[in-house]
Amino acid sequence: MTGTCVSVLISKAEAPESEARFSECIAENQRRVFQIAYSVLGNSADAEDVAQEAFLRAYQKFASLREAEKFRWWINRIVFRLALNRRRGHGRRLVRDSAWQMTETRAMVDGAKYAEQQVLLDRLRREIERLPEKLRSVLQLSLVEEMEAADVGAVLGVPAGTVRSRMHTARKLLLEVMK
Amino acid sequence: MKSECEKWNDQLLEAALTGSTAKDLEEHLKSCVKCSAELDEVRARQARLEELLPFVARGAEPAADFKARVLAAAEVASKGKRAQRWRLWTLAGATAAIVVLVIGAAMYRRTTQTISTISVTEVAAVQKLVEWRAPSDSLLVTPGQEILKGTPKLGQSYLKVPVKTEE
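Residue numbers (our numbering), protein chains in the order written: chain L, 1 to 179; chain U, 1001 to 1167.
With the rest of the complex left out, here is chain L (with noise of 0.2 Å):
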């Protein structure tokens, strides 16, 4: 969390502030909340949804948060919790952004070998939900930006070495089977 948002929060007196400070958290956090939802559950749309409802909880207790910078690991906690959710709800009916939704947020620079990355992606995708729970709840997490061990240690309420541990742990096996 930057300055702003910490400083911001901390003045807060007045109920119509409320409303300024949260927008300047969403503004600072908004990325990193659509990538865990988005590593969870793999599809644009399902991400924003979950993101939005997310905030909407966030926001019903935001005036009683009394520490800034726990809004941080809070609102991750709430956003992988839900996407969680999201995907055991749908199962089999969760859909995956395929490569041509995917190709207007990223620059095809090869074609041939965008479409090969594409069906590597999808099938490392298949790999990382057949890893065990533990391991993958890190991985997905460990892949969002910004998040370091502790970030993730605090989601999952395990310390920052078993973060790493259980990293390396999915990685060997994810490079085991995508031969």
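Hints are computed from structural coordinates only; laboratory data are not their basis. Any given hint could be a false lead.
[As the list claims (entries may be wrong)] To give an idea of the interface, some chain U residues facing chain L are shown, with a C-beta separation under 8 Å as derived from the structure:
1) Ala1016
2) Leu1039
3) Val1042
4) Arg1045
5) Ala1060
6) Ala1077
[Stated by the list, open to error] Restricting the straight-line Cα-Cα distance to at most 30 Å, the calculated cross-link-like pairs of lysine-lysine (BS3-like) are:
7) L:Lys61 with U:Lys1023
8) U:Lys1034 with L:Lys172
9) U:Lys1034 with L:Lys179
10) U:Lys1067 with L:Lys61
11) U:Lys1034 with L:Lys134
12) L:Lys179 with U:Lys1081
13) L:Lys70 with U:Lys1081
14) U:Lys1007 with U:Lys1030
15) L:Lys179 with U:Lys1067
16) U:Lys1023 with L:Lys172
[Claimed, not checked] Covered stretches of chain L (chain U as the covering partner; in silico rule of three or more C-beta atoms under 8 Å from a C-beta of chain U):
17) 31-37
18) 53-64
19) 81-88
20) 120-127
21) 164-172
On a predicted model such as this, the values are computed, not experimentally measured, just so you know. The beta carbon of each residue, even a glycine, is placed where N, CA and C say it ideally should be.
Based on the hints, put chain U in the right spot on chain L.
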């Protein structure tokens, strides 16, 4: 030969992941072309994996208007909550007013009833009091009472005692 090299699989993966090779593996690689080729292949796979993994989470971005939509939804939820709270308070106020009215009406009714009851009762009581006779009066009415009344008290003379005559 195949089974002999299989035991190095785990170390090959570790070597690719950590970038460092154990001494015994290093010795083995000097004499085993197959494992050397395998290590190169695992390292290439590792590089591909590292390239792909970030896209699992970072393959898409939130829409440009995401923040605006969240704020709009928050405002709607907030208004709904305020309206719900207002409705709740209105309902609670109305209920309290009705309860107060009912209690007030009951108390007023009881008071008026008591006043009228008391007045009637009091009148009856006063009437009874007027007509009341001590029970001892009737008890004192004895055959010798009249004689006692006609008898002078100590220090009185018979002459002063008024004689009651029946007419």
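For this session: List, from low to high, the hint numbers that the structure doesn't satisfy.
Result: 2, 7, 11, 12, 15, 19
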